[in-house]
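Number of protein chains: 2
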Amino acid sequence: MNQSHIQQLIKIAGQDRICTEQADLMCYAYDSSLDSQLHRYMPAAVFTPKNAADVSPVLKYCHEHTIAVTARGAGTGQCGGSVAPGGGLVIDLSALNRIVEIDTDNLQVIVETGVVHAELNQKLAALGFSFPPDPGSTKMATIGGMISYNASGMRAMKYGTTREYVLGLEVVMADGQVITTGGMNCRSLKTASGYELTKLFVGAEGTLGLITKARLKIMPLPEKKGIAVASFAKLGDAGKAVVEVFRHKIVPSAIEILDKSAIKAATLYKPSIKLPTDAAAVLFFEVDGPPPGVTYQAQKIAEVCKSIAIEVNWTDEPSQVKTLWEARSVVGAASGRVRPGATRVYIGEDICVPITNVGAALEGIQEIGEKYNTIIVTYGHVADGNFHSAPVIDLDSPEEIERVQQVGDEIHEMALRLNGTVTGEHGVGIVRAKYMEREHGPALAVMRTIKKALDPRNILNPGKMGL
Amino acid sequence: MNQSHIQQLIKIAGQDRICTEQADLMCYAYDSSLDSQLHRYMPAAVFTPKNAADVSPVLKYCHEHTIAVTARGAGTGQCGGSVAPGGGLVIDLSALNRIVEIDTDNLQVIVETGVVHAELNQKLAALGFSFPPDPGSTKMATIGGMISYNASGMRAMKYGTTREYVLGLEVVMADGQVITTGGMNCRSLKTASGYELTKLFVGAEGTLGLITKARLKIMPLPEKKGIAVASFAKLGDAGKAVVEVFRHKIVPSAIEILDKSAIKAATLYKPSIKLPTDAAAVLFFEVDGPPPGVTYQAQKIAEVCKSIAIEVNWTDEPSQVKTLWEARSVVGAASGRVRPGATRVYIGEDICVPITNVGAALEGIQEIGEKYNTIIVTYGHVADGNFHSAPVIDLDSPEEIERVQQVGDEIHEMALRLNGTVTGEHGVGIVRAKYMEREHGPALAVMRTIKKALDPRNILNPGKMGL
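The listed protein sequences derive, respectively, from chains A and B. Residue numbering for the first sequence follows the UniProt record's numbering, starting at 1 and increasing by one per position. Residue numbering for the second sequence follows the UniProt record's numbering, starting at 1 and increasing by one per position.
In case anyone wonders, no lab produced these hints; they're calculated from the structure. Because the structure is a prediction, the values reported are computed rather than measured. Each residue gets a CB set at the ideal place from its N, CA and C atoms; glycine is no exception. Hints may contain errors.
To be verified - For the chain B half of the interface with chain A, some residues (derived, Cβ under 8 Å), not all of them:
{"#": "1", "residue": "Arg40"}
{"#": "2", "residue": "Leu189"}
{"#": "3", "residue": "Ser329"}
{"#": "4", "residue": "Val330"}
{"#": "5", "residue": "Gly385"}
{"#": "6", "residue": "Pro442"}
Next comes chain A alone, as it looks inside the complex (with noise of 0.2 Å):
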């Protein structure tokens, strides 16, 4: 991307919305994810459409001249997907921020895909609904963000992923051409027409199109929730319980677990909390739906884990519910507190496998937290086996830096290992491309064949998936 190519793309879209300014360019450079901020990749140009139809001409011409494009929504991803290693072209879609249309009656909504995921939800909380996925980044997410990377959250096992409310998609595809998927005019909440194109935009992370608006399922929320608490004397303990729990045919919305190292940050962090610091693990098991049906689960709950448990309580009291959650929700600030002056990074934080390895998994972090001397505080929603964990490190010293990559990647191989995926809902982006070969084997093959039809190219975020 050169002189004459930015005179020309701002000539297309408006000296307004093309930024090259340096000092602006840096807060491209980078995401959440440690290596984002390690390498801060600058791109040549930032693009910030204002609408959803200033998009089309951009992509045009860069797919004209070979130009990469890299969309970003919030910044908040966490592999390094919405930066540009190889430079070019940023869009930036934040400010396409408009809730189009509010329909209650048909259970969905029309947004551009800057819309932040609480400012939605807000909303729709007002008229007693909710766009179900629900990731930790909530206020600053956008649906943008999390239709790309098919974010999800602790209520996955119950409400499944962003990939199952997205109805139907407005994409830039890489020549600029404009699609709608789920049928042009179509507002049903179900159909057998078609390939489903946009369950594959979903989480393709803006490599075959720019996704500009989105068609969403909501649903009615719940009337009430309660909850469940249980700490266990050894880790297999905790997954008996999951197991025992869907056994008893409870679904719960959530189930969260904070082993030792989260137990001990959630305590420093507020010791009003009262954990029990002596706990392997403490399971937060959340139900919902109609109010004599949530008394009935947690109670039931509590029964299921009472031989397993070393303690455990439930409550459907609105007000103890919010202070037993409270535990679970402060942990991911807390997790550096564990180390005075250090930082939490994200890197090998985002592991799932199968319920019944969940034990083996959270010890074999631990283990790997030894080995290479680096704490790593784990939590994470056990009723599908995702985990976060969150190594503190001195990020002043290169050599903690070295050894919590090697973490990162002995996580990941776990998380191979253990009939898992490196990633449950965060994505690949830089930082997992390397073990997609071994993750999917022949089947990369048919996704760089995919790639390669639509964004023959390869401007559309390129250097990412491995693809």
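Chain A is already provided as a structure; the job is to place chain B on it using the hints.
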């Protein structure tokens, strides 16, 4: 496909696996669609693999010699998807019927794709689990057919379609290469790694690859079910009741509708059912989950409907639930009864519209029936706007056959006008191919690009889906 091809295929697959007897081939010349019953699309030969591994060498040969290959399960489809309009080889997958692994602890099963849905669910029910998608043809339909056409049934609003439960697939590609989607060795319930090939193959109607095995997510069976039945003076009132139920934060496991014609059919079939024959529509709300929640929800639905309906009944007593549900369950079989000696035919039978257009769609179907002097019985899954209309005609009358094709055409056109789709859960196949351009617009070109990239010789189920 000539005699030498057949000889070679016999060499590759074995004499007993390749069938060319005309009488036998006739069984493969149609599915449940009216179109295929009128045309009888004869294949040149049928291959019945005994093991998943037998498929690859046959596909490799067909690819080298550009021989059309159409996969077939039980042949219960209603869109002509599993017949071979251009001849060639049909691959009958019904002998691949092994349940490879049931792993309730990890909430998943691995099956060959010829396994029949009801057989899988019978085995799972004994363990307290279920594969939730629930097509009407459960006793015959194979898992492979359900995957290839993204079947769903009446519980899709709450539980999702088949697509949501497919975690991974073994697919034989056009050239014979075998891939495993969703991770080569993965047993996780969730992943954000790589393109979601799994969900693309679901609903691709065997045009992108041939599916031999599937890894499926299962769920604990609900502990209890309840039902509320409400009858309405106007179709619009039934639509209003559905919207109100969601507004009251209730997500029924099914909402089924019988219109005037279906009430009449069910009553003729079984007078003891005692449906209100003067009603414009009857709604059946099914709720499931923890017992006290079920009672609460059934009761609440009855309250919500009270001011809108002519009459409402609800129950959480298992025997009464069964009795109330009976009217819904007989309607498919009963539809022929409205006209003695005539036959229900499958055409225009699967449109899906937004919930708020349900009333207009049902009225429209009746108007089309009147216009063409054809009796149409309509029932369906109103929670997601999906209807099954059953024209009942004299199959010996060429004039009636001519008329019913116009009926089908007008129903499909109306669905698109009402922001719907031509198929909610049965697929496109031959019979809905002509609507693809109008339903999908420029997105159809993207589908064609993917098809061409993965099946460059167009051997996989050619002539389908408007590709």
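Results of checking the hints against the structure:
1. Arg40: violated, 25 Å
2. Leu189: This interface hint holds because 4 Å falls under the 8 Å limit.
3. Ser329: B/Ser329 check fails; min Cβ-Cβ to chain A is 21 Å, beyond 8 Å.
4. Val330: violated, 24 Å
5. Gly385: holds, 6 Å
6. Pro442: holds, 5 Å
In summary, the structure is inconsistent with hints 1, 3, 4 from the numbered list given earlier, while agreeing with the others.
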